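Going down the list, the protein sequences come from chains A, B and C. The letter at position 246 of the first sequence is residue 246 when you use my numbering, and the numbering goes up by one with no holes. To convert, count from 1 in the second sequence and add 340; that's my numbering. To convert, count from 1 in the third sequence and add 621; that's my numbering.
Bear in mind the hints are in silico, worked out from the structure with no lab data behind them. Predicted model only: the values in this text are computed from it and were never measured. Heads up, the beta-carbon is just placed ideally off N, CA and C, and yes, glycines get one too. Watch out, some of these pointers could steer you wrong.
Said to hold, decoys possible - Short derived list, chain A residues pointing at chain B, Cβ under 8 Å: (1) Ile27; (2) Leu36; (3) Ala40; (4) Phe41; (5) Glu64; (6) Leu65; (7) Ser67; (8) Met96; (9) Ala99; (10) Met103; (11) Glu111; (12) Ser113; (13) Asp178; (14) Leu264.
To be verified - Here are some chain C residues pointing at chain B (derived, C-beta under 8 Å): (15) Tyr629; (16) Thr710; (17) Leu712; (18) Ser726.
What the hints assert, rightly or not - Capping the alpha-carbon separation at 20 Å, the derived lysine to aspartate or glutamate pairs in EDC-like fashion look like this: (19) C:Lys748 <-> B:Asp451; (20) C:Lys672 <-> C:Asp743; (21) C:Lys848 <-> C:Asp783; (22) C:Lys839 <-> C:Asp815; (23) B:Lys617 <-> C:Asp731; (24) B:Lys617 <-> C:Glu885.
The primary structure of each chain is shown beneath.
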Amino acid sequence: MSAFSRIYTRLSADWAMARRDPISLYILLAPVIFALLIRAFVPGAGEQRPTFAVLDTVPETSRELLSSFGELVLFEDRSLLEARVNRPDDVPGFIMTDAGLTMLLQGNESETSERYFRMVLLDVMSGGRVLGAAAADTGGVTETAAAESMLLPYLAIVVLMTTVLLGGMQVGFLLVEDRSTGAIRALAVSPLRLRDYLAARYLYTIAQSGLGMIAAAYIMLGVSANLPALLLVVLIGGLSGALVGTLLGTLADSQIAAMGVGKLIIPLFLLVPLLSLVIPASFRPLLWPFPNFWLWSMLESMYVGHLGYGFGLSALLAASLGLLANVPLMIRLKARVKLR
Amino acid sequence: MRTLASLMSAEFTTMRRNLFSIIMVLTLVLTVAGFYLIPDSTHQDLGGAVAAADDAPELEAALAELPVRYLGEPRDPIGNRMSLIINLMVFEVLILPFVFIAVNLFQEKQDGTIRAYRVTPGGTGRYLTAKMLLWTGLTILYGVVLLLCTVGFGLSPASWAAMLLLLLVAGLFISAFGLFVALFFSSINGWFLPGISLLLVSQLPIVSYLFPTFSPSWITWFPTYRLLYAVRDILTIGPAGLMGPGDTIGGSYGYMAILALAATIAAFAATKRILMKEARI
Amino acid sequence: MISVKHLYHDYEGKGSFAVEDVSFDVPAGSIYGFLGPSGSGKSTVQNLLTKLLALQKGDVSYEGVPLRDIRPDFFNRVGYSFELPNLYTKLTGLENLKLHAGLFSVPTEDPERVLDMVGLADAAHRKTSQYSKGMKQRLSFARSIMNRPDLLFLDEPMSGLDPTTAARIKAIIAEKRAAGVTVFMTTHNMYTADELCDQVAFLNEGRIIAMDTPRNLKLAYGEKSVKIEYADDDGGAFRSETLFLDREDDRRRFMQLTEAGRVETVHSQEATLEQIFMRLTGRGLS
Chain A
1 MSAFSRIYTR LSADWAMARR DPISLYILLA PVIFALLIRA FVPGAGEQRP TFAVLDTVPE
61 TSRELLSSFG ELVLFEDRSL LEARVNRPDD VPGFIMTDAG LTMLLQGNES ETSERYFRMV
121 LLDVMSGGRV LGAAAADTGG VTETAAAESM LLPYLAIVVL MTTVLLGGMQ VGFLLVEDRS
181 TGAIRALAVS PLRLRDYLAA RYLYTIAQSG LGMIAAAYIM LGVSANLPAL LLVVLIGGLS
241 GALVGTLLGT LADSQIAAMG VGKLIIPLFL LVPLLSLVIP ASFRPLLWPF PNFWLWSMLE
301 SMYVGHLGYG FGLSALLAAS LGLLANVPLM IRLKARVKLR
Chain B
341 MRTLASLMSA EFTTMRRNLF SIIMVLTLVL TVAGFYLIPD STHQDLGGAV AAADDAPELE
401 AALAELPVRY LGEPRDPIGN RMSLIINLMV FEVLILPFVF IAVNLFQEKQ DGTIRAYRVT
461 PGGTGRYLTA KMLLWTGLTI LYGVVLLLCT VGFGLSPASW AAMLLLLLVA GLFISAFGLF
521 VALFFSSING WFLPGISLLL VSQLPIVSYL FPTFSPSWIT WFPTYRLLYA VRDILTIGPA
581 GLMGPGDTIG GSYGYMAILA LAATIAAFAA TKRILMKEAR I
Chain C
622 MISVKHLYHD YEGKGSFAVE DVSFDVPAGS IYGFLGPSGS GKSTVQNLLT KLLALQKGDV
682 SYEGVPLRDI RPDFFNRVGY SFELPNLYTK LTGLENLKLH AGLFSVPTED PERVLDMVGL
742 ADAAHRKTSQ YSKGMKQRLS FARSIMNRPD LLFLDEPMSG LDPTTAARIK AIIAEKRAAG
802 VTVFMTTHNM YTADELCDQV AFLNEGRIIA MDTPRNLKLA YGEKSVKIEY ADDDGGAFRS
862 ETLFLDREDD RRRFMQLTEA GRVETVHSQE ATLEQIFMRL TGRGLS
C-alpha cells in the first residue's frame with residue numbers, strides 16, 4: 001500500500017470518527033463563533049466612543065458639545081451619577097458647581113483616558129474652539145482613536161492564532177487518547193508508519209481549522225482578510241500547530257497530563273508574541289526562536305503592518321523554525337509510541 | 341472529616357502523578373521570569389500611549405487648571421509589571437480550578453471509581469466539598485506564591501487579607517462552576533473545545549483593561565471583569581476600596597459570593613443527577 | 622438478611638425488562654449465588670440491591686428495613702467487588718486501599734494485611750495502571766473487605782484469576798461466611814458457585830428459572846446423565862454429547878449412537894450446574 005493510500009485510509013477513519021463526534025466540528029466552529037462574537041460586541045475603527053455620565057442640570061449647549069465626543073447618559077440624581085463614575089471603567093461625570101461645568105473622576109482612570117477627558121472638558125468650556133487645534137498639536141485624541149482602531153485587527157490575530165493552537169491541541173489529545181487506550185498498539189502491528197499517521201491527522205486538522213480561520217478572518221476583517229496570504233498562514237501555521245500536537249503527544253501519557261501540558265502551552269503560544277508589544281525592541285531577539293512569534297509577525301504585517309519584519313521574512317522563519325523544531329520532537333514521539 | 345481527607349488526598353496524588361507539580365512550577369518560573377523581564381514602565385495602550393506633551397506648555401497648564409474633582413484618591417499609573425500580575429492573578433491563578441477539577445473528573449470517569457464511591461457512606465455532599473476545598477486551597481496557595489515571588493512584599497497586611505478572601509470566594513465559585521460544566525461531558529475530548537472556548541471568552545475583559553473606555557454593560561457582568569478590577573484595586577490602592585466610594589472590591593465579594601453559592605447548588609444538583617446516577621456500564 | 626420481592630427493571634422504559642418478577646431471600650451468614658450468562662440480568666439485580674440503580678418496581682429490604690429507608694451510613698456495612706475493577710489508576714494498590722478505608726466511619730482493616738491476604742503484598746507500591754487484569758480483580762476484592770462488611774456483594778469475583786489465586790480468594794470468602802458475613806455473588810462460573818454457594822438461583826433473560834441449594838438442584842435435575850464420545854458421520858473428528866437418560870429424546874439418541882457402532886467412550890456422571898442450566902434453558906452459561 002502506498003504512503004498516499006495509507007494516509008487516505010487514516011483520513012477517512014478520522015472523518016468517520018469526526019462525523020460521530022461533535023469535537024472536530026467545534027474546531028471548525030470555534031473561530032467562527034469567536035469572530036461573530038467579536039464582530040457583534042467589539043467596535044471597529046472609529047466606532048468606539050467613550051461614555052459620559054451627565055447630570056441633567058448641565059446646560060443644553062454643553063451637552064451638545066459633549067455628545068460630539070461620546071455617548072451621554074443623563075442622570076437626575078447626583079448620587080446615581082457618582083455611582084456610575086465609581087464603577088471600574090473609565091466614565092467621567094459632568095455636573096454643575098459654583099465653578100461652572102465640573103468633571104468628576106473616580107481617580108482610577110488611566111492616564112490616557114484622563115488626559116482625553118480633560119481635553120474634552122477644555123473644549124466644551126471654551127465653546128468648542130480648542131480641541132481641533134489641540135488634538136493636532138498633541139495627538140491626544142487621534143492617538144487614542146488610533147489605538148482603538150487597532151483593537152479589531154489584533155483581536156483577529158489572536159483568534160487566528162488561537163485556532164492554530166486549538167487545532168494542534170486537538171491532534172495532541174487524539175494522539176494521547178490513542179496512547180492511553182492502547183489503540184496505537186493496534187496501529188503498530190499494521191503497515192502504518194508514524195509519519196503517515198501524523199500526516200493524516202495534521203492534514204485533516206489543517207483543512208478543518210483552515211476553513212474556520214478563513215471564515216473567521218472574513219467575518220472580522222471583511223475584504224482586507226487577504227485570502228492568498230491567509231492560505232499561507234494556514235499552511236505554515238499547521239507547522240506550529242503540529243509542534244503543539246506532537247509536544248502534547250510526547251510529554252503526556254494520559255489526557256489529564258495532556259491538559260496539564262496544555263495549560264503550559266496555551267499561554268506560551270499566545271503570550272510569547274503578545275510580549276513583543278510591551279517589551280523594548282532590544283529584548284525582541286529573545287522571541288526570535290519561537291515559530292509562533294513569526295506566525296504572529298506574519299499576521300501582524302498582514303493586518304496591522306507596522307512591526308517591520310515583513311511578511312516574507314516572517315513566513316520564511318515561521319516555516320523553517322516550525323520544521324526544525326518538529327524534527328527532534330517527532331523522533332522522541334516515535335520512540336515513545338513505538339510505531340515504525 | 342476522614343472521608344474528605346481521603347478524597348482530597350486521592351485527587352491530589354492523582355494530579356501529582358499527572359505532571360501537575362512540574363507544570364505548576366514551570367508556569368510559576370516562566371511567570372516570574374516574565375515579570376522581571378518586562379520593563380516596569382507605565383502601562384501603555386496598544387499602539388502607543390499619550391504621554392504628556394512637552395511641546396505645548398500652555399495647553400498643559402490649561403488642562404491642569406480645569407475644574408475636576410476626584411471621588412476617590414487619584415492613583416499613580418499602573419506599571420507593566422503590576423498589570424501583568426493583575427491579569428495573571430485572574431487569568432492564570434483563578435482559572436486553575438476550572439481546568440483541573442474538570443480533568444480530574446474525567447480521570448475518575450475513565451477509571452470508573454465513582455461507582456466504587458457510590459457504595460460507600462460518602463455521599464454527594466462530601467464528594468463535592470472535597471473537590472471544592474482542595475482546588476480552592478491550591479488556588480490560594482498558587483496565588484500567594486505568585487504574589488510572594490513578585491509584588492507580595494509591598495502589600496499591607498490589610499491588602500493580603502483582602503486578597504486571601506477574594507481568592508477564597510472566587511476559588512469556591514470557579515471550582516464549583518468548573519465541575520458543573522465538566523459534568524455535562526463524558527470525556528476530556530468532548531470538554532476540551534467548549535471548555536477552552538469558555539475560558540477564552542472569559543478573557544474578554546482584558547480588552548476593557550487595555551481600553552478602559554470599552555466597558556459595555558454586558559461585559560461588566562463577566563465574573564472575570566469584576567475580579568480583574570477587584571484584584572487591581574487590592575494590589576494598587578489596597579482594601580481602602582472596600583470602604584471608599586468606588587465599591588469595586590466590596591461589590592465583587594458580594595457578586596462572587598452569590599455566584600459561588602449558585603454554582604455550588606448547580607454543581608451539587610448536577611453531581612447528584614448525572615454523576616451519582618451513572619450505573620450502567 | 623436480604624429479602625427481594627417481585628423486582629422489575631426496565632432500562633429504557635419501553636416495556637422490555639432486564640429483570641422481571643425476581644423474588645428471593647438470602648439468609649444471614651450464607652452465600653447466595655446468582656448464576657446466568659452475560660446479559661441475563663445478574664448485575665442489574667446486584668446494582669438494584671446496592672442502590673447503584675434506582676428501584677423502579679418491587680420491594681427490597683435488609684433485615685426488614687426497606688431499601689428506600691436505607692441511609693448512607695448503611696454502606697459502612699457493605700462491601701462491593703466490581704466485575705470491571707474500577708481503581709484509581711494513578712494510585713498504587715496500597716494507596717487505593719487507604720483511600721477506600723478513609724471513606725468509612727467504622728474500624729477498617731490494615732491495608733497491608735489485606736494486600737498480603739490476596740497475594741499483592743509485593744505489588745503494594747506499584748501504580749494500579751501497571752497491574753494485570755487478575756491483579757486488578759484481586760485488588761477490587763481486597764477493597765471490598767476493607768471495611769469489614771457484614772454484607773458482601775461480589776460481581777464475578779473469580780474472573781481473570783488463575784486457579785491458585787482463585788483458590789485463595791475462595792478461601793477468604795468461605796472464612797467470611799464462617800465469620801457470619803452474608804455474601805451475594807454473581808457468577809457464570811458453575812464450579813465457583815457449586816463450591817461456595819449455600820443457595821443458587823439460575824437467571825435467564827431477567828427471570829429466575831430455578832433456585833435451591835446446588836445439591837438439591839443436582840438431585841432434582843441431574844440424574845442419569847452420560848457423556849458420550851463418538852466418531853463423526855464421516856468417521857473423522859470425535860464429538861461429545863451429554864445425554865439425560867430420563868428424557869425420551871435423549872434416550873433415543875443414545876440408542877441410535879450405540880447401534881451405529883460409532884461410540885468410543887461412555888461416562889456416567891453427576892450433572893454439573895452448567896448442564897442443568899443448559900437443560901433448563903437450552904443455552905450455556907458463558
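Pair hint Lys839 of chain C and Asp815 of chain C, alpha-carbon separation not exceeding 20 Å: 10 Å, holds
Lys672 of chain C paired with Asp743 of chain C [C-alpha distance capped at 20 Å]: 35 Å, violated
Mind checking the alpha carbons of Lys748 of chain C and Asp451 of chain B for me, to see if they're no more than 20 Å apart? 13 Å, holds
Does the CB of Tyr629 of chain C sit less than 8 Å away from some CB of chain B? Violated, because the Cβ-Cβ distance from Tyr629 of chain C to chain B comes to roughly 16 Å (cut-off 8 Å).
Status of the Ala40 of chain A interface restraint (C-beta, 8 Å, chain B): 10 Å, violated
Status of the Leu65 of chain A interface restraint (C-beta, 8 Å, chain B): Interface hint status for Leu65 of chain A: violated (15 Å vs cutoff 8 Å).
Is the hint on Leu712 of chain C kept, meaning its closest Cβ partner in chain B is under 8 Å away? 6 Å, holds
Hinted contact Ser726 of chain C with chain B - closest CB pair below 8 Å: 6 Å, holds
Starting from Lys617 of chain B, check that the Cα of Glu885 of chain C is at most 20 Å away, please. 57 Å, violated
Are Glu64 of chain A and chain B close enough, Cβ to Cβ, to be under 8 Å, as the hint says? This hint is violated: Glu64 of chain A lies away from chain B, its Cβ roughly 19 Å from the closest one there, beyond 8 Å.
Is Lys617 of chain B within 20 Å of Asp731 of chain C, Cα to Cα? Judged against 20 Å, a Cα distance of about 31 Å means the pair is violated.
Please check whether Ser113 of chain A passes as an interface residue: C-beta within 8 Å of a C-beta belonging to chain B. Holds, about 5 Å.
Consistency note: the structure conflicts with the earlier hints numbered 2, 3, 5, 6, 7, 8, 13, 15, 20, 21, 23, 24.
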